[in-house]
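Trainee: Protein sequence lines, in the order shown, are assigned to chains A and B.
Going by this note's numbering, the letters in the first sequence line up with residues 12 to 290, in that order.
Going by this note's numbering, the letters in the second sequence line up with residues 44 to 384, in that order.
Some hints could be false.
What the hints assert, rightly or not - Between beta-carbon pairs, the in silico distance windows are:
| id | chain 1 | residue 1 | chain 2 | residue 2 | range |
| --- | --- | --- | --- | --- | --- |
| 1 | B | GLU325 | A | GLU234 | 14 to 22 Å |
| 2 | B | GLY125 | A | ARG151 | 50 to 58 Å |
| 3 | A | LYS230 | B | GLY125 | 47 to 55 Å |
| 4 | B | GLU298 | A | GLU193 | 31 to 39 Å |
As the list claims (entries may be wrong) - Chain B is faced by these chain A residues, among others (derived, beta-carbon under 7 Å):
| id | residue |
| --- | --- |
| 5 | ILE18 |
| 6 | PRO66 |
| 7 | THR80 |
| 8 | MET92 |
| 9 | ILE258 |
Claimed, not checked - As a list, the in silico DSSO-like pairs of lysine-lysine whose alpha-carbon atoms are at most 27 Å apart:
| id | chain 1 | residue 1 | chain 2 | residue 2 |
| --- | --- | --- | --- | --- |
| 10 | A | LYS238 | A | LYS273 |
| 11 | A | LYS82 | B | LYS120 |
| 12 | B | LYS271 | A | LYS284 |
Just so you know, these hints were derived from the structure itself, not from any lab.
Here the structure is a predicted model, which means the values were calculated and not measured.
Backbone N, C-alpha and C define an ideal beta-carbon position, used for all residues, glycine too.
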Amino acid sequence: MSNNPYIPFEAEVKKVHQETEGARAIKTFTMQFKDKNVQKEFKQQPGQCAMIGIPGVGESMISICSSPTQKGSLQFSIMKMGKVTSAMHELEEGDTAMIRGPYGKAFPIDAWKGKKILCIGGGIGLAPLRPIINYVRDNRDDYAGLDIIYGARTPADLVFVDELKELQKKKTAKVHLTVDVESEGWKGNVGFVPQYLLDLKPAPKDTIAITCGPPIMIKFVLENLVKLKFKDDQIFTTLENRMKCGIGKCGKCNVGEVYVCKDGPVFSCAQYKLLLPDM
Amino acid sequence: METLVLHKDKLKDFLKALGDVRLVAPVTVAGKTQFCEVADIDAVELDLNNYTATTKKVMFPQTETMFAFRSTPDGVKVEEGGPAPKTVVFGIRPCDARSFVTLDPLFTKDFNDPYYMKRRAATVLIGHACAEPTNRCFCPSVSGSPAGTEGLDVLLTDIDDGFHVQVVTDRGKEAISGAKSLLTKATEAHNKQKQAADKASAAKIKRSVNLKKMHEILPKAFGLPEWKETGSKCIGCGICTYNCPTCHCFDIQDEGTPYQGRRLRTWDACMFSEFTMHASGENPRHDRSERLRNRMLHKFSYYPRNLGFISCVGCGRCIELCPVNEDLIQILNTVREVCNE
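Okay, chain A solo, but in the shape it has when bound:
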């Protein structure tokens, strides 16, 4: 393998799953490196990202949404947004894209053994939490509990719905869904994620809370977790910024002196509070 960290490797699209429809549609891609050795050596941890690119178009940093317990492939949930993600959305099974990584700090998931895990997500922000959910699912005896609070604007904007239903059905996790606005046929909770969190009042004892979503949601979820008496070392989040190199050199993704690509994207609340308000 090349020791040039900028060189990507070709990966085949094995499956495309349409999560949501519309102008900002979300698709989940299951990708497999064409070179078996590359696939074997690509050892990501929950929370890490990869640069996924299409030659001639460019690259985007995307969080890997599959758990390392899923061997032999990687998954990425991608919202159609800019140049690269739009090109990704054109891909079909059998097409290829280029991937390099994995990058960034992971969630300290092994240090959380014995704890209850509480994932709080909004919109596409559930994607970086999905490797945690699936890792805990596959090592369920190691963790005391799994709760998922997840919301999106409307029921049609929720991602991984079938998987969440399956987790609920098998009693692997308690899943609490909410949508921002009243919607036809929706019988679940209506309201924003931070408020729903307060309503559900999860107990902080022996619990780790991880949140990801729009910046404004993260802000209020963190505030509300503090109201619920969660301590800073019990709370984690994951951030994003524009990135080009992915390895701390191009200068784009800094928040103060911290580079999201290599010092993040995962931050404990204690680390998050030390960041300059450069967001």
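Position chain B against the provided structure of chain A, taking the given hints into account.
Mentor: Relative to chain A, chain B alone:
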């Protein structure tokens, strides 16, 4: 290391004796000094004239091909470029040479940047001490000096009959080994002339800035309203970054089609709003004053905290070239004043 003397009549022979290398040296283009690859040694002009471009591009070109790609029946083939040519940069100023010392940790920490590193390893720097620092220079404030050797392999200093030649590294010794017959050992008198020249040039530096604890003061100054005032006159042209020997931010872009093309790296500038803009339109540094603040904090706080060097060599190009007279020294002085430090 040894100190030698080169007579001024022998300069061209000295350049020829560097052998079969790519020679990058100062030449005058349209009335301005530029460091270019020179084929004709007669064109080399050691006295700099309206010199504002930097030598950064020798290691980190404005645009470079990272790799070429093409689609084949067996999949996408990625082709990297070859090795860097053996290069000598002749006449580089001590501040510009020192800029590479500050850039090295960035390009080597955690991940080696193969493009910068291959050129760095293939390049010898033969410097020319500043006899006439400009009115924009403030290198002593950032631990530099007009006759500093940090980053250099050989340093030439003007003395009465020609050049005092200080060999700084083994690489430098080897690079000039072909010129042995042109060099004589420096005498005590030559060394004294060199000392006098250094002293005279240091005395010509007029500007200075107090950087004591600046890396700690700046984060405390993050929320000051003065940034808004300072930043409001900035027009976001980015000239401060493009002419800065230590600015390293870059963009990566693809050229071509999915079937054939190349991935490029180009200089980018933190003064542009697109630099940080997300695909969604969200921008963490939406305002020009936020971007100017980031540049100051990056150079004088984040970079030294993360990589151990102030990301500034005191060349003052940003001060001279700014179309609206933003002055880095004034900005830092204001920060210190307002913070009462």
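Trainee: With reference to the structure, classify each hint as holding or not holding.
Mentor: Each hint, compared with the structure:
{"no.": "1", "hint": "B:GLU325 x A:GLU234: 14 to 22 Å", "verdict": "holds (20 Å)"}
{"no.": "2", "hint": "B:GLY125 x A:ARG151: 50 to 58 Å", "verdict": "holds (53 Å)"}
{"no.": "3", "hint": "A:LYS230 x B:GLY125: 47 to 55 Å", "verdict": "holds (50 Å)"}
{"no.": "4", "hint": "B:GLU298 x A:GLU193: 31 to 39 Å", "verdict": "violated (49 Å)"}
{"no.": "5", "hint": "ILE18", "verdict": "holds (6 Å)"}
{"no.": "6", "hint": "PRO66", "verdict": "holds (5 Å)"}
{"no.": "7", "hint": "THR80", "verdict": "violated (27 Å)"}
{"no.": "8", "hint": "MET92", "verdict": "holds (4 Å)"}
{"no.": "9", "hint": "ILE258", "verdict": "holds (4 Å)"}
{"no.": "10", "hint": "A:LYS238 x A:LYS273", "verdict": "violated (31 Å)"}
{"no.": "11", "hint": "A:LYS82 x B:LYS120", "verdict": "holds (26 Å)"}
{"no.": "12", "hint": "B:LYS271 x A:LYS284", "verdict": "holds (24 Å)"}
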